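Asks: Put together the whole structure using the sequences plus the hints.
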Amino acid sequence: MILRRIVSLSLFRLLHDMPSISPSSYQLHSHCTTATNFDECRSNRTNFLNSMRNHCRSGELNNINQALNLFHLMATMSPLPSVVDFTLLLGFIVRMKHYTIAISLVKQMHSSLGLKPDTFTLNVAINCLCHLNLVAFGFSVLGTMFKLGFEPSVVTFTTLIKGLCVQGDMALAVELADHMEKLGYRSDVQTYGVLINGLCKIGNTSEAVGWLRKMEERNWKANVVVYSTIMDGLCKDGLVSEALDLCLEMSIKGIRPNLVTYTCLIQGLCCFGRWKEAGSLLDEMMKTGTMPDLQTLNVLVDAFCKEGKIMQAKSVIGFMILTAEGPDVFTYNSLIDSYCLQNQMNEATRVFELMVSRDCLPDIVAYTSLIHGWCKIKNINKAMHLFDEMVKAGFTPDVVTWTTLIGGFCQVGRPLAAKELFLNMHKYGQVPNIQTCAIILDGLCKGQLLSEALSLFEAIEKSNLDLNIVIYSIILNGMCSAGKLNAAWELFSCLPAKGLQINVYTYTIMINGFSKQGLLDNAEDLLINMEENGCMPDSCTYNVFVQGLLTKKETARIIKYLTMMRDKGFSADATTTEMIVNYVSTNKGDNGFREFLFPKR
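When you line the sequence shown up against the UniProt record's numbering, it's residues 1 to 601, in that order.
Don't take every hint at face value.
Simulated pairs of lysine to aspartate or glutamate, EDC-like, Cα-Cα distance not exceeding 16 Å [as the list claims (entries may be wrong)]:
1) Lys214 x Asp188
2) Lys498 x Glu461
3) Lys221 x Asp169
4) Lys553 x Asp538
5) Lys552 x Glu595
6) Lys382 x Glu325
7) Lys553 x Glu531
8) Lys427 x Asp388
9) Lys568 x Glu531
10) Lys276 x Glu307
11) Lys560 x Glu595
12) Lys147 x Glu181
13) Lys201 x Glu181
14) Lys221 x Glu249
15) Lys236 x Glu207
16) Lys560 x Glu524
17) Lys498 x Asp466
18) Lys214 x Glu181
19) Lys568 x Glu595
20) Lys560 x Asp521
21) Lys201 x Asp237
22) Lys116 x Glu151
23) Lys462 x Glu420
24) Lys484 x Glu461
25) Lys427 x Asp398
26) Lys253 x Glu216
27) Lys392 x Asp363
28) Lys253 x Glu207
29) Lys314 x Glu347
30) Lys253 x Glu217
31) Lys568 x Asp538
32) Lys516 x Glu554
33) Lys552 x Asp521
34) Lys498 x Glu458
Estimated spans, in silico, between C-beta atoms of each pair [stated by the list, open to error]:
35) Pro496 x Asp178: 37 to 47 Å
36) Gly318 x Leu341: 49 to 59 Å
37) Asn343 x Ser58: 21 to 31 Å
38) Gly203 x Met96: 54 to 64 Å
39) Asn379 x Ser539: 29 to 39 Å
40) Tyr505 x Leu322: 46 to 56 Å
Just so you know, these hints were derived from the structure itself, not from any lab.
From a predicted model like this one, the values you see are computed outputs, not experimental measurements.
Using N, Cα and C, we set each Cβ at its ideal position, and we do this for glycine too.
Replies: Structure below.
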C-alpha cells in the first residue's frame, strides 16, 4: 500500500545529513552591508519585512547571495519574523533552483532558530527533496506532517506524484493519485497535468488520454500544455492523425494551439513524409501570429536532411538567417549528417568549416558524423585524423564515436587495429556497448581471426554486459566459416540455458554450417526442429539448405525442398539459381530434375 511509503521519521533526523550553510559564509549584497545599516534594518523591522515580501513576490532579488543575506538578517531579529515570512523567502530560493540550500535553511529554521514548521514549510521541503530525486525522503516529510497534526494539501500530494513521475515510478504515482482521492483529497488540474506528462514521457500515451477524459468528466478545462503534451506523445507513437484530431478538438473548445503544439505536430508530419500537411500547418501557424522559433525551424531542417532534401533544408536555413533565428549547432549537424549519408564528404567538410568560421563551436555529434562519413567511403586516414583533431580540441569521444571508428577499421580489413581501439576505450572512460562488441567480433571473424575473436568473446562474456543472440550468432558464424562445427554446435546447444531465444538467423547459420560440411541429415533435422520450436524458416534458410543438397546432388530432396519453397512463396536466390544452372548443365541425364524445372504443358 501507498501508506507504507510514508515513514514517520522526525524531520530533524531526516534533515540531519543535509549540508548546512554557516552565517559566516553569507555574502552581504543588499543595502544592509555596513554595521550601521545592519542595525538600522533590524530596528526598522516593519519596513524591512515589507521590502523583503515585495522583493520575493516580484522576483526582484538578483542572486542567491542576496536571498541568503535576507535570511541571515531575519535570523538575527528579535523577535523572529513569522514562519510565513521565512517560507516566502524559501519559496524564492526554490524558484532559483537552489534546492540543497533551501533544505539546509529549513533545517536551520527548525533546529537553530526554534521555529515550528507549518504545512507550507514542509511542502517546500518535499518539493526540494523531490527535485533532488529523494522522493522517499519526501514521503518521510509527509509522515512528519501527519505526526505533527498538520493537514497535507492537494499541493503536497501533487508534488510527491510529480517526484514519482520524474523518477519513472508511474505505477506508484497513479496509485498515490487514486489513494489521495480515497482519503478525501480531490485531485485538481495540476495533479492530472503532472500524471499526463509523466505517462507521456514513458510512452504510455493511451493512459494519458484516459486521464484527459477523466478531467473532462469532472468538467475541468485542460490547458494547451496538457493537450500539447499528449499530442507530442501521439506523434512519437506514430499516431499523427490522432494528434491532429486532438488539436482540432482542442481548438473547438476555444483553446488556441501555441508554438509547442505546432512544433510537435509539424515534426510528426515530417517524420512520416507528410510534407504538404506540414507546410499547411506552418502557414496556419504564421497566419495566427505564432512565428516559428529556432527549434521549429530545426525540426524542418532535420526532417528535410533525413529525407535527402538538402535544397529544401537550405531554404529553411535561409529563412533562419533572415529572421535572425540561427542557425545553431543542431542546424549544422543536420546538414553535415545529410551530406555524410550521401557520401558528399567535401560538402560536409565545407559546412563544418563554415560552422567554425561563424563562431558556432562544433560538438561531438558533428565530429562523429564526419568520422562516420569518412569511414563509410573507407577513407580511414581522414577519419583517424579527425578523431585526433577532436581529442586535441578537448572532446572526449563517446561510445558512438569509438564504435564508428572501430567499424571503419573493420570495413577496410584492419580488424587488429580495430581491436586495439576497442581495448583503448577504457582509457577515455568509455565502456563498449553491445553494438561495439558485435562490430569488433564480426570484424575479427570476417578477417579469419577466429582465435582473436574467441579470446575477446570470452573476456566480454565475463564482463557485466548482457549479451544478446546477435553476439552469439556472430561467433557461431565465425566458427562455422572456420570449419569448427563441433564447437559451434556445442555453443548453439547451450543458448537456451543462457536464457536466449534462438531466432531464424541463428538457426540458418547452423543449417548453413552443416550443409557446407555435407552433413545434410543434421541440417535437415535442424530445419525440422526449428519449425517444431515455433521458429519458421525463411527464404534464406531454405536457400542455404538447397545449396548443400545441390552440392551433394541429392535430386529427390532438391525437388522436395524447391517445391516447399515455391508453396511458401519463396524463390531461389542468385547463388541457388547459378548452382541449379550448373547442375542441369553437368547432369544432362537427370531427366527427373529437368521435368521438375521445365514441366510439359
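Asks: Please write out, lowest number first, the hints stated earlier that are contradicted by the structure.
Replies: 3, 4, 5, 6, 7, 12, 13, 19, 23, 24, 28, 36, 37, 38
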